[in-house]
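Q: Now for the letters of each chain:
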Amino acid sequence: MELYDILFWVLSAIAVSCALGVILSRNPVNSVLFLILTFFAISGHYVLMNAQFLAIVNIIVYAGAIMVLFLFVIMLMNLNADVEPQKGQLVQLAGVISGGILFLVVLASIKTAKAEIMDKTSTDIGLISNLGKVLFKEYVLPFEISSVLFLSAMIGAIVIGKKEEVKTSATAKMEHVSE
Amino acid sequence: MKAIIATTVFGVIMMFAGLWVNDKKSIAGLATFLFAALLGVTIWDLTTTSVNSPKSLFNDMLRSEHYSLWFNTIMTGCSLLYVLLMGKEVQKVGKYVSEYFALIFFILCGLYLLSMYNNLLMMFIGIEILSIPQYILAGSDKRNLKSSEASLKYFLMGAFSTGILLMGITLLYGAARTFNITEMVTLMHSDALNPLALAGILFIMIAFSFKVSAAPMHMWTPDVYDGSPTVFTAFMATVVKSAAFFAFLRLFQVSFNSLSEHWVMVLAIITAATLLVGNVTAVFQQSVKRMLAYSSIAQAGFMLFAVLAVNAVAWQGIIIYAVAYSVATIGIFAVLVKLKDYTYDGFNGLAQREPLLAFVTTIFLFSLAGIPLTGGFMAKYYVLLAVVQQGQLMWLVIFALLMAAISVYYYFRVIIAMYFKAGTPEISSPVTGGDKFMLVVTCALVILLGVLPQLFLTKV
Amino acid sequence: MILILLILIPFLTGIISFTTKGDGAKSLGLLSSMLTLAVAAYVSGANFAAPITFTKPWIPILGTQFSLMADGMSSMLCLLTGIVSLVVMIMNVNKPVERAGAFYGFLLLSQAGLMGVFLASDALLFYVFWELALIPVYFLCSQWGGEKRIPVTFKFFIYTFVGSLMMLAGLIYLSLQTPGVTSYSWNDIVRAGTSLPADQQMWLFWLIFIAFAIKMPVFPFHTWQPDTYEQSPTPVTIILSALMVKMGLFAVLRWLIPVLPAGVAYWSETVVILSVVGIVYASCIAIVQTDIKRLIAYSSIAHMGLMCAAAFTNSAVGMHGIMVQMFNHGINITGMWVIVSMIEQRYGTRDMTKLGGMASAAPAMAIALVIISLANIALPLTNGFVGEFMLFNGIFRADTAGHILIMVVAGLGIILGAVYTLNMIQRTAYGDAGSAVVVKDLSVNEYLGLAIIISLILFLGVYPKPLLDLTAGVAGMMVR
Amino acid sequence: MSLFLEISFSAMANGLHNWLAGSISNATLVSVTEMAIAGVSLLLFLVPLCFFLGYMERKVAAFMQIRLGPNRVGPKGTLQIVADTVKLLFKEGLTPNASDKFLFNLAPIIVVVTSMLAMAPIAFAKNFQIWDINIGVLYVSAISSLAVIGILMAGWSSYNKYSLLGAMRSGAQIVSYELSVGLSLISIVILTGSLRMSDIVASQADGWWIIKGHIPVIISFVIFLIASTAEINRAPFDLAEAEQELTAGFHTEYSGMKFAMFLLAEYINLFIVSAIAATLFLGGWMPFHLGNWSFFNNVMDYIPGSLWFMGKTFLIIFIIMQFRWTFPRLRVDQLLTLEWKYLLPISMVNVIIVTMMAIFGWHL
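Protein chains in written order, with numbering that gives the first Met the number 0: chain G, 0 to 178; chain D, 0 to 459; chain Y, 0 to 479; chain L, 0 to 363.
No lab work stands behind these hints: they were computed from the structure.
Predicted model, so just to flag it, every value in this text is computed and none were measured.
Relax, there's no trap hidden among the hints.
Computed beta-carbon distance windows for the label pairs:
| no. | chain 1 | residue 1 | chain 2 | residue 2 | range |
| --- | --- | --- | --- | --- | --- |
| 1 | Y | Lys439 | D | Ser286 | 49 to 57 Å |
| 2 | L | Lys90 | G | Leu68 | 33 to 41 Å |
| 3 | G | Gly94 | L | Ala35 | 40 to 48 Å |
| 4 | G | Gly131 | L | Phe62 | 42 to 50 Å |
Distance condition first, Cα-Cα at most 25 Å in a straight line; then the derived DSS-like pairs of lysine-lysine:
| no. | chain 1 | residue 1 | chain 2 | residue 2 |
| --- | --- | --- | --- | --- |
| 5 | D | Lys420 | Y | Lys94 |
| 6 | D | Lys141 | D | Lys152 |
| 7 | G | Lys161 | D | Lys152 |
| 8 | Y | Lys20 | D | Lys420 |
| 9 | Y | Lys154 | D | Lys420 |
| 10 | D | Lys23 | G | Lys161 |
| 11 | G | Lys162 | D | Lys145 |
| 12 | G | Lys161 | D | Lys145 |
| 13 | G | Lys162 | D | Lys23 |
| 14 | Y | Lys20 | D | Lys435 |
| 15 | G | Lys162 | D | Lys87 |
| 16 | L | Lys100 | L | Lys86 |
| 17 | Y | Lys353 | Y | Lys439 |
Covered stretches of chain L (in silico footprint by chain G; criterion: 3 or more residues with CB under 8 Å from a CB of chain G, positions within the stretch not fixed):
| no. | stretch |
| --- | --- |
| 18 | 20-30 |
| 19 | 128-142 |
| 20 | 145-156 |
| 21 | 160-170 |
Ideal Cβ placement from N, Cα and C applies to all residues, glycine included.
Next comes chain G alone, as it looks inside the complex (with noise of 0.2 Å):
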């Protein structure tokens, strides 16, 4: 056992053990946590295949932005763990042997399949150098064209969450203390 498979089966450990704290945890707020501590995991198997940009973006991304609004939401809101809806015992039981086979289907796909195990020896295909030229060379039309997908997000963030102006009398008021 090296130190690299040491790590490797952590992290591994970590991220499965967290991914199912996420969906097994009553408490929403636990969920998230459990959420962030996979990105971790996860952030941890791309340092470890040298891909440190991703690494770090990845904890950025969801980690330190996403995530944390989620936090934020699901703490103003207060969810607790009876607020969630329980479901009959018939449905849960549905669900679990059509995911149990599901989950069947593709353990066996993955164990008869000739997956290449993965190369150790530290690539440079991470970092940030090349992966910005790949990004900017090979793949500049899906990087650039997600820019209309962030737009549309945007637009809908506003679309969405902006207060349609419906004047009442209120906030008619409202307005008029303020000023």
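Dock chains D, Y and L against the given chain G, drawing on the hints supplied.
A: Only chains D, Y and L this time, still in chain G's reference frame:
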């Protein structure tokens, strides 16, 4: 490629128009003009690309085959028709009219990507660009709780299916070591079949079934279509759905064609389930809007035929089906938004009050039901032809025909209500001469499609 | 070129009729049907050496053409359509119709569809006309029909639509088997069908036959028919029973028997048995009916059953008989409906238990009723006799195992037919005029309409040669 | 540049490694031991550092307010902070009954750990870094943004409205100001062409960026100072613990050692932010050189790199501490307006200008 750039630019123009133009009417006018311009650009794209040699763009990220460009043109035409028919109604949804149009432009950008992608990444981005504006449009009527519910439901389901799609793409990548869908074909066959590829195909199939609302992944459809503002339902159920189908077909036709023995049966069962669920449930609906939601599921079942039949006719089938279904459905929705009451009873006596409206609705419904001499017949004909040609699935064809007969039941209920029942339908907005003209044009298109389908088909 | 007129005249006048107001539609309809009849008479009367054809490219990528062909059978049926339509128009002259423009428009459109069905020599075109004939009838029934019209006609529509969709699947399959490129032309379809292996022909047979069986209707598929006939307005009932059921039989002769010989051979016994069962069953039910319309509806099932049985017995005489009988039955049943509608109009009811005394109140009408009824039960010297005789002859000569038994049972149908028809005459024409209704005798237009029918009945009963000559060539072709 | 301290530091590190490699055969064990040693030495560095910063804070406050500050315990009051620490150590660590106990206890640890992690790529002297990761700048900003999770946890798990509000404010503040921090860092990254700390320092051998980069870099520097002050929740951006409104914000319920940990984290963050500013804008451990004045430059070279680094860092710390006593606290809306309507657009435009500068080589 010009169309992709143009639609993005037009979307941005619309956004700025919202900043500078306060008059909703002129915004809608501008949007109509831009859609017409976009149609021009797609035609330009079409005519400047040679039929036989597809252009490979950006390291093979996109491939502009002739039929893709043709599909783009036709779908842009449908969007133009949509804007012409419904532009007025879009103004009524909410405050952000220019943003709605901008989002529709972005949806078209996704559509163009989906019709031309040659790389799974582009497919993924295309699907996302197609979906995210829809989540927003679904929730744009903020005074209506159902609209918000629709938006959230759509978003959650969409996100879920995206996750599955990504999983599938990952597994495929594991098997083929490339994202390029044409290279994938050879790589997956270089040695014995990799089970990872099969699992990946399964996942992608499930994800696409979500997007095209095929049973049993259709659960979101009725609620979303019902809850969303009717104008946007019309767009979602037609152009967007067709785009998802085209992408579905493209991937399965180009990449998984030779593996069809492995997945055809699964998809056939999905198709059968979709037809059954869509048609049978539609029978029991009381609201026409909801019925149309189920009918869109049922029609999805027919469009799946094109995917099932892995042959050249399928391309023609999907194109003609997409345009026939889109035009007719847009037409029906254009009539529907004019009414206050969306139940069948709301249509009672429409033939007496607005004979023209009733007549065009009848033609649209004929088309959806697949009566000859309307576009719907040719569409159904083509997809059936494709499957019959494939040869293995005669049972499914016969089943589908039985289901088509069931569909007549609920489509004709509207006709019965309009013509044979007495009542005074409440009209929510006056039917102007312009509306009538556009409806007649749409109706003429439906019939033209049924009589001379070759005008809408291209060489594949 | 002349063939397209047969379709175009009713089609265009039909569309124009939608825009007319008031009585304009009536005269337009009359004019149109006279014109059509003239063309049809020319087509069937003029002795052409070869069948007339008309072909224009339609959707080349599908391999389908707009091609029409009029051989003896087609032109005969076109003639029938023309005559029946004219009679319908004439009989309707003095009847008030709500929204006449739409009514006559639909009537004319369905006539166009029927003409198309009889003339089409391209499978897809045939299918299109098949539906085109159906839809106007659906609207006619649902809008101008009786009390329960909406569910009943809906049932009718769904039935026939299911059938025709099955047929479409079969036709697509066949067209893909054509040598070379996909083609729908009759010749190619026949070539493709005959060259198919027997086992494929067997299942294809049902795919295609089910549409025709529903239209005719053959015994287990008949349930839509009595209700629909009962609920439809009389002109539509006439169109349905005199012409549309012939569509089914015609299609069997044109698109099934030559196309799938092995399939037909395999299943013919089954179909014959079903038909004969249908004859007896329908006759028995007809006996207990009190509603004249339903009675005639069941009698129609019985008659069609006989024709259908003959169609599958594979004998030249039988085939020829069918052709003749198709025409004759069309004329007779039209007459029956005309009379029934007059009865209904005058007495306000169709219930035989409440009718009676027509012979004294309206002698001319009663005479007409008797003549037409006798033709309906195929009394010699009426046209019905010629056809039914040939049919029985055909069944008798069939090479199937139980043909004698079948003929005997089918003959039972004739006897039963006499029972209920004579019963009807007795109850309506004679006996006590139950209620003191003042019954008017025939009006001018009714005279005219009935005169056409009765003269045809008597003329063809005495001198059937023109009809036999017209269809002789085709009948021979049908035999395997 | 031959600086004895720098040599001795790297020599020490190398020697340690060689000795360990020689005495322990297992390579895994060697790296584990090395990591442990680095961690322990970091702790040994940080604790006195925080003592000093605490002392400095009071003295600076006193200086700003023209008073003496701590002057009783130890010479010139230097041991005051030690006494405070001892007091905190012996205080009872209370845990509110209604709180989520696990998260409540975990939160301070997370806050401290994240701030310590951010120390990893900081270059104290030439070749003296814990981890010279090739994306050092990004790493620091990523890790420092994680502190907010600990703060949110602390605020939520305390089951106290003040705590929750404080945590929310802190979260909003950190997430928003992170953007400006990132953008101002990026302007230097653009000029340098590398995210690696050692490269950035090396690029300033012929002059610090704040001098070489003209006005755009000065703008970035100012934005960085403002935004990072906000990011570490220091006055005038200390809304998260605004004592007049929220008692003590997210750490209202904390006492004893757990409270001390938050304090510790705050000082470490202060140090890190200043160290980053010093590294990126002021040349890190690079001595101050002036054009061709070789004599002056040689004299400067004789001052050890680590002293340069510490000097610059503490200069910035001093500035940030002065902020606290200079500006009044902002309201929440003012805070967000400042970021989203002023700092962010300015830094965006600034990044564009810097990019043009880098492309056309307008900088020195």
